[in-house]
Amino acid sequence: MATTKHTLVAIVQDKPGVLNRMVSLFRRRGFNIDSIAVGHSEVAHLSRVTIVVNGTTATVEQVRKQLDKLIDVAKVFDITGEKLIGRELALVKVKAGSATRSEIIEIADIFRANIVDVASDSLTIEITGDEDKIESMLKLLNGFGVKEIARTGRIAMVRGNIGAMPDEKPAKSRAKKPAA
Amino acid sequence: MKKTGAQIICESLIAEGVDVMFGFPGGVLLPFYDTLPQYPRIRHILVRHEQAAAHAADGYARATGKVGVCMATSGPGATNLVTGIANAYLDSVPMVAFTGQVVRAQIGKDSFQEIDITGITLPITKHSYVAMDTASLARIIKEAFYIARTGRPGPVLIDIPKDVMQEMAEFSYPDRVSLPGYKIPTSGHPTQLKNAAKLINEAKRPLIIAGRGVIISGASDELKQMAETSQIPVITTLLGIGCFPEHHILSYGMPGMHGMGYANKALDETDLLIAIGMRFDDRVTGKISGFAPRAKIIHIDMDPAEIGKNVSVDVPIVGDVKAVLRALHKLLETNAHVDWIRQLDEWRQQHPLTDVRASSGLLPQYIIRELYEATGGDAVVVTGVGQHQMWTAQHYIFHHPDSFISSGGLGTMGFGLPAAMGAKIGRPEKAVWLVDGDGSFQMNIQELATLVQDNIAVKIAIMNNGYLGMVRQWQDLFYKKNYVATPLSCPDFVKVAEAYCIPGVTVTRREEVQPAIEQAAAHDGPFLINFMVEPEENVFPMVPPGASNIEFIEEPKKEVTSWPRRSTL
Chain A
1 MATTKHTLVA
11 IVQDKPGVLN
21 RMVSLFRRRG
31 FNIDSIAVGH
41 SEVAHLSRVT
51 IVVNGTTATV
61 EQVRKQLDKL
71 IDVAKVFDIT
81 GEKLIGRELA
91 LVKVKAGSAT
101 RSEIIEIADI
111 FRANIVDVAS
121 DSLTIEITGD
131 EDKIESMLKL
141 LNGFGVKEIA
151 RTGRIAMVRG
161 NIGAMPDEKP
171 AKSRAKKPAA
Chain B
1001 MKKTGAQIIC
1011 ESLIAEGVDV
1021 MFGFPGGVLL
1031 PFYDTLPQYP
1041 RIRHILVRHE
1051 QAAAHAADGY
1061 ARATGKVGVC
1071 MATSGPGATN
1081 LVTGIANAYL
1091 DSVPMVAFTG
1101 QVVRAQIGKD
1111 SFQEIDITGI
1121 TLPITKHSYV
1131 AMDTASLARI
1141 IKEAFYIART
1151 GRPGPVLIDI
1161 PKDVMQEMAE
1171 FSYPDRVSLP
1181 GYKIPTSGHP
1191 TQLKNAAKLI
1201 NEAKRPLIIA
1211 GRGVIISGAS
1221 DELKQMAETS
1231 QIPVITTLLG
1241 IGCFPEHHIL
1251 SYGMPGMHGM
1261 GYANKALDET
1271 DLLIAIGMRF
1281 DDRVTGKISG
1291 FAPRAKIIHI
1301 DMDPAEIGKN
1311 VSVDVPIVGD
1321 VKAVLRALHK
1331 LLETNAHVDW
1341 IRQLDEWRQQ
1351 HPLTDVRASS
1361 GLLPQYIIRE
1371 LYEATGGDAV
1381 VVTGVGQHQM
1391 WTAQHYIFHH
1401 PDSFISSGGL
1411 GTMGFGLPAA
1421 MGAKIGRPEK
1431 AVWLVDGDGS
1441 FQMNIQELAT
1451 LVQDNIAVKI
1461 AIMNNGYLGM
1471 VRQWQDLFYK
1481 KNYVATPLSC
1491 PDFVKVAEAY
1501 CIPGVTVTRR
1511 EEVQPAIEQA
1521 AAHDGPFLIN
1531 FMVEPEENVF
1541 PMVPPGASNI
1551 EFIEEPKKEV
1561 TSWPRRSTL
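In the order they appear, the protein sequences are chains A and B. Residue numbering for the first sequence follows my numbering, beginning at 1 and increasing consecutively. Residue numbering for the second sequence follows my numbering, beginning at 1001 and increasing consecutively.
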């Protein structure tokens, strides 16, 4: 069976060791993680983890079920088939002498990327977007000599009113709750 | 009221109804052991090796259905628990394992007897805790017991630093747990139940394969009701043995690597396999592509992750087996399947288990058969791992769900003696027999001392063939009899037992078998029988590793008199 990239979203307890449990599960069962990104969610004590897994549908379903069994994992969704907003961020330090500087700035502009640091022979560019966009820009910058790249994994969200948790109330009504 | 951490542990154990625990002390556990005498309701069994503490808790849990509790000190004590915890994990046994840890300030500094036991046991526990403050101890213990025994049961580890046991905190035992991420499936999905019932009602050659999930769920009656209503033959996995009475007319034994030929034939021919509380272990399935090749599969299991893990399923039902079978039964039509059952009976005649041969040698199968006759099938039978385990599964006839205790998933040699100890403590009114191999027995032989110290009346039957028998069998069949590292010199087990003040006899001839069993049963206390069995006897039938179940090999020797597996009751 063909392998494809799947995007999973896990809502997990914000406790020490939880990420370790998740990653350990991937290792132990031989699942391959493409990227994993963790941050706070809209609910206190809950973190949101976006995991990109490469595998067959059956493997990814097994990943999802195994993750769901972890006591500290509140919910796991495979949002692969949904209309997604997927983003990652990259910082790219690229060689830039006086001859190439303006050309690089032009490329950054086209990609709506920001120049966040300027040094005598380099520029550091911050770019946000889906993986394809970042790859395209990196391809162009490669010709100038990339000194350093730092990339986050993908974070993702389903478009529209539907939250990552479709079986729960839509995000709108959650937002209406009075703040504590 | 304020109490020390150690007192809080004891109070919490009592609140959970724990009356026995298996442990081994150590430096960091001394605050706990110092407190233990204040709580005489908790019986502490001092084992001789921590691995035995975990296996004993495991045997206790399987025999009683309660949570087994074990405890070990930090570092080597904790790492010695690992095999026992893994064993409980693979067989879904409810267990809470406590480990002592160095004081908080010393954690992470490679201190004396410090080890990251939580990290080590991460893949083999259902959940685990490091109790970093005394105030959270009661909540953690409450959650641990709840997680261990609910849903699909499993081991939970609690690692407690020494100073957490010494500090004082307010104690009140929580009434309820709050675990938002922990889901326990109950009844099955109505649509799937309907789909399953339709398939069952229409099937021509249906077959039930039942596993340990039926025992855990206490669903033996429901299983029987379903099998009888729809007249469906039942086979059981190794760990499912006893969940369906084996003298029942619809019982067709165990399939798989050392399963009955007729059970494997039934799997090959069935058009609808109803898998209940089992997980399609490779020892049951053989080569996946050859497993139940003509069948649609209904899979009923508590754990959603088991569905579709090894075998693709037509109708998945996630839920508690008992609740699902009850709901399903309402949708079932009475049925007969006369031809199908006649066919199975024919196969049973054609592929009987081998047993008594013209040779006058002492056969382990004969001994197990005699043990069944002597106990009336009413004992709790515990095994180690190896040939003797398979012979026991094949030749003893189990009628009760809690009468066979064996290490399935992990196949842990050395499991038998400590597990039998735990089982006897849990079920003191029952005769507990350990059937062990000479190799497996020597892996935890030191627990004979525990039997004596706590007068635990386990009856030990060693099938002594002077080999690591199952490995030798593989060398025999697949490695041209190149017996490397399997011949095993054994001590005189009777003399060893005597050294521990346990009486015993050695049996070399068939006529001595029954008197020896009677002598052991009559003795008030532990007793050992050293059966000197035929050294190169093999377990048959056998499916070669990697083959399909239908390719089972039967006893190749000629002088076989057939013995269809039927109860004499």
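To be clear, the hints were calculated from the coordinates, so they are not data collected in a lab. Possibly wrong hints are sitting among the right ones.
To be verified - DSBU-like mimics (lysine-lysine), calculated; alpha carbons at most 35 angstroms apart, straight line:
#, chain 1, residue 1, chain 2, residue 2
1, B, Lys1066, A, Lys69
2, A, Lys69, B, Lys1480
3, B, Lys1002, A, Lys65
4, B, Lys1330, A, Lys75
5, B, Lys1296, B, Lys1142
6, A, Lys69, B, Lys1481
7, B, Lys1109, A, Lys5
8, B, Lys1481, B, Lys1430
9, A, Lys75, B, Lys1309
10, B, Lys1309, B, Lys1204
All values derive from a computational prediction rather than experimental measurement.
For the pair supplied as a hint, Lys69 (chain A) and Lys1480 (chain B), is the alpha-carbon distance within the 35 angstroms limit?
-> With Cα atoms ~45 angstroms apart, Lys69 (chain A) and Lys1480 (chain B) exceed 35 angstroms; violated.
Does Lys1309 (chain B) lie within 35 angstroms of Lys75 (chain A) when you go C-alpha to C-alpha?
-> holds, 20 angstroms
Quickly compare the C-alpha distance for Lys69 (chain A) and Lys1481 (chain B) to 35 angstroms and report which way the hint goes.
-> violated, 45 angstroms
When you check the alpha-carbon spacing of Lys1296 (chain B) and Lys1142 (chain B), does it fall within 35 angstroms?
-> Not satisfied, since the Cα-Cα distance of roughly 42 angstroms exceeds 35 angstroms.
Hint consistency between Lys1109 (chain B) and Lys5 (chain A) [alpha-carbon to alpha-carbon, up to 35 angstroms] | violated, 41 angstroms
Is Lys1481 (chain B) close enough to Lys1430 (chain B), meaning Cα to Cα at most 35 angstroms?
-> Not OK: Lys1481 (chain B) and Lys1430 (chain B) at ~41 angstroms, beyond 35 angstroms, violated.
Take a quick look at whether Lys1002 (chain B) and Lys65 (chain A) sit within 35 angstroms of each other, Cα to Cα.
-> With Cα atoms ~42 angstroms apart, Lys1002 (chain B) and Lys65 (chain A) exceed 35 angstroms; violated.
Straight-line alpha-carbon gap Lys1066 (chain B) to Lys69 (chain A), limit 35 angstroms = The given pair, whose Cα atoms are some 22 angstroms apart, holds under the 35 angstroms limit.
Is it true that the CA of Lys1330 (chain B) sits at most 35 angstroms from the CA of Lys75 (chain A)?
-> holds, 33 angstroms
Sort out whether Lys1204 (chain B) lies within 35 angstroms of Lys1309 (chain B), counting only the CA atoms.
-> holds, 27 angstroms
Hint compliance for this structure: hints 2, 3, 5, 6, 7 and 8 are broken, all remaining hints hold.
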